[in-house]
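Colleague: Here's the letter readout for the chains.
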Amino acid sequence: MAGELPVMAALLLVAVAGTAVVLARDPVRQSAVLAGLGLSLAVLFAVLQAPDVALSELAVGTAFTPLMVLLSVRKVRHNARRSERREEHE
Amino acid sequence: MSLRVRMWVLAVGGLGVALLLAGAFTHMPDFGGTWHPYGTRAVAEALRQHSANAVASVNFDQRAFDTMGEQAVFFGSVLGTVVVLRQAGDEHRTAPEPAFVSAPVRRYALLVLPVTVLTGLYVIAHGHLSPGGGFQGGVVAATALHLLYIAIDYRALQRVRSLTLFTLADAAGEAGYLLAGLAALVAGAAFLENVLPLGTFNTLSSAGTVPVLNAAVGVEVAAGVVVLLAQFLDQAIVIEPADGRGHRADGAARAAPEGGRP
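Chains as they are written, first to last, in the UniProt record's numbering: chain H, 1 to 90; chain Z, 1 to 262.
Since the hints were derived computationally from the structure, they do not count as laboratory data. Hints should not be assumed to be uniformly reliable.
Unchecked claim - Covered stretches of chain H (chain Z as the covering partner; in silico rule of three or more C-beta atoms under 8 angstroms from a C-beta of chain Z):
#1 51-57
#2 63-73
#3 77-85
As the list claims (entries may be wrong) - Listing some non-contacts, in silico: residues in chain Z with all C-beta distances to chain H over 10 angstroms:
#4 Pro114
#5 Val140
#6 Ala236
All C-beta atoms, glycine included, are put in the ideal place defined by N, C-alpha and C.
With the rest of the complex left out, here is chain Z:
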């Protein structure tokens, strides 16, 4: 296809999307109004399925298939980072040096670390009851672990953070979501359908498969963020380019703006 034809195809497609959007916007509920056609139905369905957090009901029950896609996007991006930021053939590893940390920073970080990890786990566990869920709690718990790097140094973080374990947990979380969906098929229902007993409203054991899928996402995101940050940390701290000339990063480094603390 020539550039001219491609531009015409683009123009036709863009015009179609613009017309559809404009048409849809004329039927949108007003901002801050009381008429919410989707919200009303979603909340009614959430209550019917004994899910106290209506958002969790939308994510893991009413639109569980969408969430599977989103989880796959996250898994894929972690996988991509691992591939791109891996140690290349012309790079070598150095042992991270112990760092000096001022006493107040160390005390504060070590004090906040367990509290933050616990908060993350709490948010994951109560995803179907209160705001938050697997994704939010997973990110909080995973970033909280890195307070160890701030409080002590990279060697301390490396000792606690078994990458093999976290990589396995990442894959297990991703697989767990699919297996929970397939289990519904075995039970004679549709893929990812809510088949477990609904339990008592607003208790930990309620909402059927919602807490199960939520936990799978929590494990996947928490482990995925740790693995993702490990690639960045390794590149920043322990992986050194070889001494050969013409390293690819040199050009990018010179283009970086000057000034500020190195």
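This is chain H alone, in the form it adopts within the complex:
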């Protein structure tokens, strides 16, 4: 049982981080919390002795995916501001 404590702790961390991602409603904050979920998943895989998968999750989950979300949000908000300005103008 004592040997499974790290796995239990990592699973708990993933559950907490996953819930936090769902509860964060603003996409910008959500992308930061998503990076946290990626990090906790990487910890879980490392604890389960799968370092290759942990590295993949670390690279994709903490840097790549949040970056794509942030860039998409920037584009969408930029367009929204433009159309608001245009409506004011008209």
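Chain Z: place on chain H using the hints.
Modeller: Only chain Z this time, still in chain H's reference frame:
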């Protein structure tokens, strides 16, 4: 086919999959147990092929054909992104503006940039020896390059990042994997079979074709991630919708939740 018939086909298929899964699960090794029928065989085969990282041996030797499919999936998704996010006829480009970056951020990012790129290349090169490989190292090296955008601005990144070169490298990596597989045919073996000399265990020149296929994936993923992120960055920074009314993104923009920093 009517909706009713389609639902029945779906139900039969779903039931079949559920039964097969349930049957398979009863024969699964227990979680955390010592009995690993697949693992034991895979590790023995990895040692026989002089591959220190058993996972790399599974990916690039024992199941090299599966990895070819996965690599094609990544290549296809990059290609799809390039097509979908390309500059449309009613959009125009603006020159990116220089951005103000606070001195500590700039110093830290410029300090970490070479270290991270080197780490990525190290992970690619040692894929057959230590955890990691072409995919992991490729993503690390490619995202590390974008520290330039954080440290300076988009113009600096554009100057270093030749999209023509990275697009060519992406295609070359994808083609390299196939050519390495075909080379085995020429050598008189099966497609993607490990035909190169196996070398000394746990050295850079070991495991036969594993480091070759690993390098092909590394080049493809590193270049692919750069090309993929370039499409997103271009759309976010330099591509502007035309001033005409009824832009498609307007609806999506209004549906986005309010609040937070713009």
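Colleague: Hint by hint, where does the structure go against what was stated? Just the numbers, ascending.
Modeller: As far as the earlier hints go, 5, 6 are violated by this structure, in ascending order.
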